[in-house]
Structure formats: structure tokens, C-alpha cells
Amino acid sequence: MATAAATLPGPLPAVRRRHHWQERLAQGLLVGCCVALALFLFAPLAMILVKSVQDKDGAFVGLLQFQQYFQTAALRQSIANTLWIAAAVTGVTVPLAFAYAYALTRSCMPWRGFFRVIALTPILAPSLMSAISFIQWFGNQGLLKGLLGGTSVYGPIGIILSSVYATFPHALMIVLTALLLADGRLYEAAESLRTPTWRKFFTITLPGAKYGLVSAAMVVFSYTVSDFGIPKVIGGNFNVLALDIFKQVIGQQNFNKGAVVSLILLVPVFVAFIVDWIMQGRLQSQFSSRAVPYAPRPKRWFDAAMLAFCVVVALLLLAVLGMAVYTSFIKLWPYDLHFSLRHYTFGLIDAGVINSFWNSVKMAVATAVFGTMFIFGCAYLLEKTAGMNGVRAMIRLLAAIPMGVPGMVLGLGYILFFNHPDNPLNGLYHTMTILVLSTVVHYYTSSHLTAVTALKAIDNEFEAVSASLKVPFYKTFFRVTVPVCLPAILDIGRYLFVNAMVTISAVVFLYAPETQLASLAILNLDDAGEIGAAAAMATLIVAASSFVCIVYAIVTRLLLTRTQAWRKPASAV
Amino acid sequence: MVQTNFVAYLKLDGIRKTFGRFEALKSIALDVARGELMVFLGPSGCGKTTLLRIVAGLETQDAGTIVQDGRDVSRLPAVDRDYGIVFQSYALFPNLTIASNVAYGLVNRRDRRDSIKGRVRELLTLVGLPDAGPKYPSQLSGGQQQRIALARALAPAPGLLLLDEPLSALDALERVRLRGEIRALQQRLGVTTIMVTHDQEEALSMADRIVVMNHGRIEQVGTPREIYETPATPFAADFVGKVNVLPAVIESGGNCRIGAMSLALGRGDLAAGTAVKLYLRPEDIALSMNGSHAPNTLHATVAKIEFLGAFCMVGVALDAPGVPPLVVNVPRQTVTQAQLRPGAAVSVCLPSAALRILG
Numbered sequence: 001m002a003t004a005a006a007t008l009p010g011p012l013p014a015v016r017r018r019h020h021w022q023e024r025l026a027q028g029l030l031v032g033c034c035v036a037l038a039l040f041l042f043a044p045l046a047m048i049l050v051k052s053v054q055d056k057d058g059a060f061v062g063l064l065q066f067q068q069y070f071q072t073a074a075l076r077q078s079i080a081n082t083l084w085i086a087a088a089v090t091g092v093t094v095p096l097a098f099a100y101a102y103a104l105t106r107s108c109m110p111w112r113g114f115f116r117v118i119a120l121t122p123i124l125a126p127s128l129m130s131a132i133s134f135i136q137w138f139g140n141q142g143l144l145k146g147l148l149g150g151t152s153v154y155g156p157i158g159i160i161l162s163s164v165y166a167t168f169p170h171a172l173m174i175v176l177t178a179l180l181l182a183d184g185r186l187y188e189a190a191e192s193l194r195t196p197t198w199r200k201f202f203t204i205t206l207p208g209a210k211y212g213l214v215s216a217a218m219v220v221f222s223y224t225v226s227d228f229g230i231p232k233v234i235g236g237n238f239n240v241l242a243l244d245i246f247k248q249v250i251g252q253q254n255f256n257k258g259a260v261v262s263l264i265l266l267v268p269v270f271v272a273f274i275v276d277w278i279m280q281g282r283l284q285s286q287f288s289s290r291a292v293p294y295a296p297r298p299k300r301w302f303d304a305a306m307l308a309f310c311v312v313v314a315l316l317l318l319a320v321l322g323m324a325v326y327t328s329f330i331k332l333w334p335y336d337l338h339f340s341l342r343h344y345t346f347g348l349i350d351a352g353v354i355n356s357f358w359n360s361v362k363m364a365v366a367t368a369v370f371g372t373m374f375i376f377g378c379a380y381l382l383e384k385t386a387g388m389n390g391v392r393a394m395i396r397l398l399a400a401i402p403m404g405v406p407g408m409v410l411g412l413g414y415i416l417f418f419n420h421p422d423n424p425l426n427g428l429y430h431t432m433t434i435l436v437l438s439t440v441v442h443y444y445t446s447s448h449l450t451a452v453t454a455l456k457a458i459d460n461e462f463e464a465v466s467a468s469l470k471v472p473f474y475k476t477f478f479r480v481t482v483p484v485c486l487p488a489i490l491d492i493g494r495y496l497f498v499n500a501m502v503t504i505s506a507v508v509f510l511y512a513p514e515t516q517l518a519s520l521a522i523l524n525l526d527d528a529g530e531i532g533a534a535a536a537m538a539t540l541i542v543a544a545s546s547f548v549c550i551v552y553a554i555v556t557r558l559l560l561t562r563t564q565a566w567r568k569p570a571s572a573v
Numbered sequence: 001m002v003q004t005n006f007v008a009y010l011k012l013d014g015i016r017k018t019f020g021r022f023e024a025l026k027s028i029a030l031d032v033a034r035g036e037l038m039v040f041l042g043p044s045g046c047g048k049t050t051l052l053r054i055v056a057g058l059e060t061q062d063a064g065t066i067v068q069d070g071r072d073v074s075r076l077p078a079v080d081r082d083y084g085i086v087f088q089s090y091a092l093f094p095n096l097t098i099a100s101n102v103a104y105g106l107v108n109r110r111d112r113r114d115s116i117k118g119r120v121r122e123l124l125t126l127v128g129l130p131d132a133g134p135k136y137p138s139q140l141s142g143g144q145q146q147r148i149a150l151a152r153a154l155a156p157a158p159g160l161l162l163l164d165e166p167l168s169a170l171d172a173l174e175r176v177r178l179r180g181e182i183r184a185l186q187q188r189l190g191v192t193t194i195m196v197t198h199d200q201e202e203a204l205s206m207a208d209r210i211v212v213m214n215h216g217r218i219e220q221v222g223t224p225r226e227i228y229e230t231p232a233t234p235f236a237a238d239f240v241g242k243v244n245v246l247p248a249v250i251e252s253g254g255n256c257r258i259g260a261m262s263l264a265l266g267r268g269d270l271a272a273g274t275a276v277k278l279y280l281r282p283e284d285i286a287l288s289m290n291g292s293h294a295p296n297t298l299h300a301t302v303a304k305i306e307f308l309g310a311f312c313m314v315g316v317a318l319d320a321p322g323v324p325p326l327v328v329n330v331p332r333q334t335v336t337q338a339q340l341r342p343g344a345a346v347s348v349c350l351p352s353a354a355l356r357i358l359g
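Going line by line, the protein sequences match chains D and X. Heads up, the final residue of the first sequence is numbered 573 in my numbering, and it's a clean run with no missing numbers. Heads up, the final residue of the second sequence is numbered 359 in my numbering, and it's a clean run with no missing numbers.
It should be emphasised that the hints constitute simulated quantities derived from the structure, not laboratory data. Glycine included, C-beta positions come from ideal geometry on N, C-alpha and C. Just so you know, nobody snuck in bad clues.
Simulated restraints on C-beta separations:
| no. | chain 1 | residue 1 | chain 2 | residue 2 | range |
| --- | --- | --- | --- | --- | --- |
| 1 | D | Phe-66 | X | Gly-45 | 50 to 56 Å |
| 2 | D | Val-482 | X | Arg-71 | 34 to 40 Å |
| 3 | X | Gln-187 | D | Ala-190 | 54 to 60 Å |
For reference, chain D alone in the conformation it holds in the complex (with noise of 0.2 Å):
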């Protein structure tokens, strides 16, 4: 005791520890991921933010821009129009979301995988697609013109309508697993206290899917407020937010003007993102693992009032794409039906935009590689290693924005970033490589939780076994964490193929004539008034994107039925 007690006086120098160069390999390599995230995320963001307070010639003028943007009668009117837009579309698709998930989950109607699919393909077409074929079905020229009472699609309703298509299957997923995430028991309990049930609705369902249809309806509100692709193709002259900085930066080359409109754009959407991830991580918190899953029983009456609730909505939704899919298909809409091949032959492949689809294709393929390598890569090293405890947390939060970003300021802040004069890095404008990183970017988020998920679900304990037993951190990353991992690997793949294919806010302003991306080609077809030819590359994009997700389907059952022996854990040994 008396040595303890004299090595005890005043402060001893901190044991430093040595660092082994794999460790110091792995630091570095996270350190190259947080500047790569500050270049290409943060950096640009916050470019938005300097020329909004500058002037034209790069002079500060403070708030001003601010101020003559409020004292402009017509763009205060954006900012009303987007957010009741929004409210609208959200106040339809959740509760339409809610009602199919419900059907999904809680009842034993048949054919619940068919219905799960057909809610999920909107999420294959580019939103524009939607609003194509709403003008197809209720247009000048619309087959059912006469239900809208002599209003016309083009304007709000149009919007409302091709917003709830484009958002349904956002929304939809996210009900879906809340309600997944229900535990049985609390409804055999409350059953073996007799409890009626409308009051296990509004007592056990609706509180435990409540995180989840809030989380629903940010996702829903931030979409609709960020989207510009459908107003554009099916506004009219109904004016929205997304629409303004398009203007202000294609039309009227005003960029400042464009980051001042995008900083009022941001608001909303940041709002809503951190409302949605503050009820995500209850949504979380609240599943516990013990938890029974609900087995529904067959019910008559209700199974089939749901089922025909479901049949309905998976009709309209097939209208919405089929209409598209047949516009393409026609000769001319509505004089000529018959069956044509012109729009694909001369509307796309003789006008030369047919290059676009192959630019696209490219893109999404690079974007899927490269960004699921990142992704995945970065994840690992803030997941699994250890040290710089900094870096980690800006990661983690650099990781998290893009979410709460709409496409449209990101695109704003590439330009603003990339092309000016002084950066090292502005030969990368109007090329594919910027197109790639803006898509990996936008889309970082989503595709981040799911590799950190899947990170989180392994053996926390595999990077200190490999330690004790000597073996290089990269080569069990190599060995077994990218092996364990790869189905969400392929998820993430999968996620950022379908997405990049269909993107079009960001990389409206980065792309050049050569590198014109088929999301893209569409709008400009649209305005050029070739709604056939417009309505063939859509088509070729669902195709694209469904072919895409039939082989991750079957790579990921082969995959699962290889590796069965080792993921299934054992029934009884």
C-alpha cells in the first residue's frame, strides 16, 4: 500500500499507445473518408450559404437577397404553393400507405407478396413518368379528362396525384415495418383480456406504428417539397420552390438568387429529416428482439375487404405505369392506337437521345460500384476500428445530412463548388465522374444505415479475435466481414443502381450535352412536346431497373441457398 500511495501524488504522463501500422493504416483510410465526404458534401453545402449572402460579383451584402426574395410577391407564393402541395400529398399517401400495409401485415388475403411488389414499382420509373401519364389519363387530350369537372390536371391536382404515385412505396416501406415490428404478444394479451377490436387498433396498432407513420409522412412531405421533375413536366404554371431555383439557375443564370431560394428549400426538408430521424431511432428502440411476431388469422369479411381494397390500388398503380408503358407502345396518342416501335426507332435511337439511356446505364453502374465500395468501405472502418474519435464523429454526421438535403441544393452547391475558377478540382464539372459522386452523395444515407445495420448485426468481437490471433485487419475484412455482409452489400448495390438511374434534381445542373443522363432526356423530350418519345426511354428505364432488381433477387437466393449452411443457425443438433 505505501508504494501505491507514493506513485499517487500528482498527475502521471498519460500512457500513450504504440500504434501498430495496420491501425495506423486504418486511420488513415477513415481520415480519407471524412475529406472525401467534406469535398464532396460538406464543401458544397456550405458554398450555398456564402453566395447567398453575396451578391452577383461576389460582393457581401448580407441578408438583402433574402429580403427581395420575401418582397417578391410571386416567389413568396412558391413557398405557400410547395408547402401545401406537400401537406396534401402526405395528408393522401400515408393514411393510403397505412391502410395497404395494414392489409399486408393483418390479414390473410391471398397473394400478399404480388400486392407487395406491384406497390413497390413505382419506385423503378423516375417521377416524371408518373406525371406523363397522368396527363395521358386526364390531359388536354386525357382518355378520362371528364372526371376532373372541367378542371385541368395541369396545376396542383396533377402534382397531388403523380406525388402520391411517386411516394406510395416510400411510404409504404416505412408502415410496412412498423407494423412488421409489432409484437404478438401484446395482442394475445390484450385478447385474453377480451378486449374488442377496434379498441386493440387504437390501443396496441396505432401506438405501435405511430414513430413509423410519422417517420412516414417527413419522408413523404421532404420528397414532395423537393421534387422538381413533376411540376416541371405537369405544373402548368403552378409555382413550387424546386421549380424557382431551376429557374433562377438554368433560366436566369442567377446563382446567388438559386442559393438563396435553396437555403428557404432546405428548411422544410431539414426539418422534416431531423423529426424523422429522431422517430426513427424510436422506432428502433421500441422493437425488442424478444418480440413474437403477429401471425394473423383468417378472418372472412375482412380479409376480403382488404384484398379488394388492395386490388384497387394496385390497379391504379398499374395504370399509372401501364399508361406510360402504352403511350410508348402507340402511334399517336389519341388518333392513332396502333401498335408502334417509332418512338423507340426514330423518336429515340435516330434523334441520337438513345445515348442518354447508355449514359445512364454507365452511371448507375459506376454509381452502384464505386458507391457501394465507399459506402461499405467507410462504414466498416467507423463501425470497426478503432482510435480518432473525432474523425468518427464527423463522419457520422457528414453521413447523416444528405438525407435532409433535397437533390436540387446539392446539384446548386456542386455547381457553385465545382466550376468555380480557383478550384483544383473543376475539371471534374460536366463530366460523368461529377454525375457518379453527386448520385453517390444524394443517395449516401440510406445506403450508410443499411451497411451500418449490417455491420452493427455481426460479431463485435472479430477485429480483437484477428488482433490476438495476428491477422491484418483488411484481410478478416476481406475473409469474413464482406462474406457475412454481402447480402446488404448487394442491397446497398441494388439501392443506388435503381435510384441513379432515376435521379434527376441534382444532376439537372451538372450534366453536359454529351453526358445527358435518359432522367434527364425525358424532361427535355417532354418540353420539346415528344411525349411518345419521352414516355420509350421512361420505359426503358423501369426496364433497366427491373432487370436490375430480378438479378439481385436471384443472385441473393442463390447466395442465400449457397451459404445456407452457414447463415441458418442449426434447428436442433
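Place chain X on chain D using the hints.
Same frame as chain D, but now just chain X:
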């Protein structure tokens, strides 16, 4: 059991660790002898796992030195230290076969292929699973997986084996079986081993020596018998085994007073008037139906009987006022023969030799 020719294989000195404002370890000094199995025992949050991870180099101490086999490893990264480790979660690589798992650390040393194969076979036989090689971890039971984890850790023949709650994830039967096996294996190989556990029974049955830890401090170091029979602190007495605690005041003549009752302590070295606490194991109290005349025998009434299989835990209220109730372990046969029931009048003897005065 106490080694006379004590050779410290691992020397920890002045190890301290804080997490933010929480002091996880407060200046730990400890010697582990070559070839012994030492158990770090304590409640969760006592710092035992942190100490193990510091020995492994998975955490870095704020201050203090670690000398392993004469080599100062205090500042070395985990990769450069010499140990094998087994975790509660097994941490077997799920996509590799059992043989590949066991060979994982051998392949990296660029050993010859057939020598690796031989070594894997040898280790699988050692842990009693010679045919498990081509299987995958998920095809084995928890206990079998933990045996494989042990084989993997032992494969490169490390100088030190670290076991981090290796049995906590197993069911009760498997746990008892595996603890005997690990102990036998450890003694056979003579590998210096540190095991962390919160299970006192596991510690008592497996350890050469136990380190009882609480709040980042070492409460006591000793053989299982020393810890159980002569606990050094109230915490050690309370954490390891069951114990009755009686607040008492020393009287003159080697006696003490508990409420309205006086007990002979058999020692007179404490000043009269000192407030002390007496610790007494339930099995050290003798309970009888007919009044015995041994010293320190008191009248009591049975309050409740809890059946625990081999013996019963009998709660008794002493007839003297102001004395807390006691718990007495009584063999099942005695309970049956004496037809012990709640409310029965009994006498209990608190032998002065078994009374331990702490604090």
C-alpha cells in the same frame, strides 16, 4: 494452493482507467503466477472486463504498467502482444468452417499446410470435437462453439489465455460441464489464464486464485477457500456466498451485544463500545429442536422455510428483541426428520469461531 515459489508471469502495476468522468479502474496492482488460473470476480461495472481488455491491449490504460513474461507490453498494440482470447459471444467466423476457424491464426504465420492440418486436428481432439472440422459454427451448440473458440485461441500456443465471461451465454447444464473441461484443459496445458466472470460459483470451482473487484478496486485476492472462509471486506463477504450480517457493539470480556442479546466472541482485542458488524455464513449456524447448552445458543422461532433441493434455507427470528432475523442452511433430511414448520420453536447456535468481524 498458494505457490511458495511464486513466479509472476504477468505483473500489473498502478493500472488506472477513466471513461469520461467515470473511474473504471483505480490504481490496480496484481501479480499473476505462471501457469495459474486467475479469476476476476465482481458485479457488472466493477472494472473486471476493462482490466482484461487492458491486458489484451484492446483498451489503453491511462496510467500503469503491464509486464508479461519479463517484457514490458504496456504500450504495445494488441497485435504485438502474446495472448489468445475467448469471448462470451464465441466470436467464431460464421462463414468459415470449424477447421478454418481454428487454423485462422496459424495460416497467417505461414506454417506448412500439413503442419497446420495436424495442429487443427490436435486441437479439435483436445477440446473433444475431433469430427467438427468440416462443419460451420451455426451447426454446433453453444457449448461446442465455445470449445472451438477455445481451440482457436490456443492454436498459436499463446503464453496467456484470456477468457471474457466464456460461460455466461450457455445454459446451466452446459455451463457446469464446460467449466470442468476448461479447468482440466488449462491445468493440462499449464497455460497462464485470466478469466472474467460475475458468477461466484464458477469462480470458486475453477480458480487457483480469485480477485474480488468492486468499483474499480481490488477488494481481496486469494484462493477460493480464503475468499469464502476469511473474506477481507464486507463486500467480499457479501458478494461471495450468502452471509448473515449482525450489527453489534463490543462489550468487555470478549463479548458483544446485539440488541438485547449478548454473544461470546472468543477474542478480547477490541475496545469496549466499538460498533462492529458480525458476518456469519448460513451453514455455520447450528439449528436444533431441543435446547442445546453450547455457548452462544439462542432461542428462536422459524419464520419461513425455502426448499432448495439439497438443503433448505430457514429464516428464523431470534426471541431476543432488537436482533435482525437470521438465515440458516439446514440439510433436507434434518428438516424432514424434525418436521420443521414455520412457527416451530428452535434453538440456534452461533459458534464464535465462525463469527467474522468486519468494519
